[in-house]
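Visitor: Listed below, chain by chain, are the residues.
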Amino acid sequence: SAVISQKPSRDICQRGTSLTIQCQVDSQVTMMFWYRQQPGQSLTLIATANQGSEATYESGFVIDKFPISRPNLTFSTLTVSNMSPEDSSIYLCSVTRQGAAETQYFGPGTRLLVL
Amino acid sequence: QKEVEQNSGPLSVPEGAIASLNCTYSDRGSQSFFWYRQYSGKSPELIMFIYSNGDKEDGRFTAQLNKASQYVSLLIRDSQPSDSATYLCAVNIQGGSEKLVFGKGTKLTVNP
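Chains A and B, in that order, are what the protein sequence lines are.
Throughout the first sequence, residue numbering follows this note's numbering, covering 3 to 117 in sequence.
Throughout the second sequence, residue numbering follows this note's numbering, covering 110 to 221 in sequence.
Everything labelled a hint here was simulated from the structure, so no lab data went into it.
Do not rely on the hints blindly, as some may be mistaken.
[What the hints assert, rightly or not] Dumping the calculated SDA-like pairs for lysine to any residue here, alpha-carbon to alpha-carbon at most 20 Å:
(1) B/Lys208 <-> A/Glu60
(2) B/Lys216 <-> B/Ser182
(3) B/Lys213 <-> B/Ser117
(4) B/Lys208 <-> A/Arg99
(5) B/Lys111 <-> A/Arg99
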């Protein structure tokens, strides 16, 4: 498995502000994904982070609200923009590695509380 | 809409018993199936994956897949209190660029 880190691990933010979450992997990976897990719920895929190009968003998620970057094979960021209390959630990045297609490994998550 | 269904539980078993967790999926084209364990306050941790019909064993864990019935299960033998967690079933999306759809999870409690 890959060693995945996320920063920050948690944050408390005011509504209307934005937060950028970083995901760093210790080795090159093929796919990187961003998920949201609301309290007591399962994982919802936000988008696939594509290296060097625009992310692919799932239904219900838009680039203006969740801009994503992936400048190289080991790093991605997710920004939660113009936050509201409904954005309070855990945000998780996951990765797949070459030769282990579809097997996703998760980072430790970022716990976000919006007041 | 691709769906993955799990009994939300909670499922409670005594220590040493077999815990049986079940999952059904809607996409007949799905080929890859995963079980993740998530402790409270932690991120999901991969336990097992299975691609072929039948059973796959890894230590105390056995995954069972029946594609005809669109059913996948996870058995935990000799359950321990440390197995108490939420178990998430995930299924790949056919043609979905390695994307997974997750069930809502089954909360398992193993009582000492």
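Visitor: Run every hint past the structure and note whether it holds.
Guide: Verification of the supplied hints:
1. For the hint pairing B/Lys208 with A/Glu60, the CA-to-CA distance comes to about 11 Å; that is within 20 Å, so the pair holds.
2. Restraint check for B/Lys216 and B/Ser182: the C-alpha separation of about 14 Å stays at or below 20 Å, so the hint holds.
3. A C-alpha spacing of about 7 Å is found between B/Lys213 and B/Ser117, which places the hinted pair at or below 20 Å, so the restraint holds.
4. Distance check on the hinted pair: B/Lys208 and A/Arg99 sit about 13 Å apart at the alpha-carbon level, within 20 Å; holds.
5. Simply put, B/Lys111 and A/Arg99 have alpha-carbon atoms about 24 Å apart, too far for the 20 Å limit, and the pair is violated.
In summary, the one numbered hint that this structure violates is 5.
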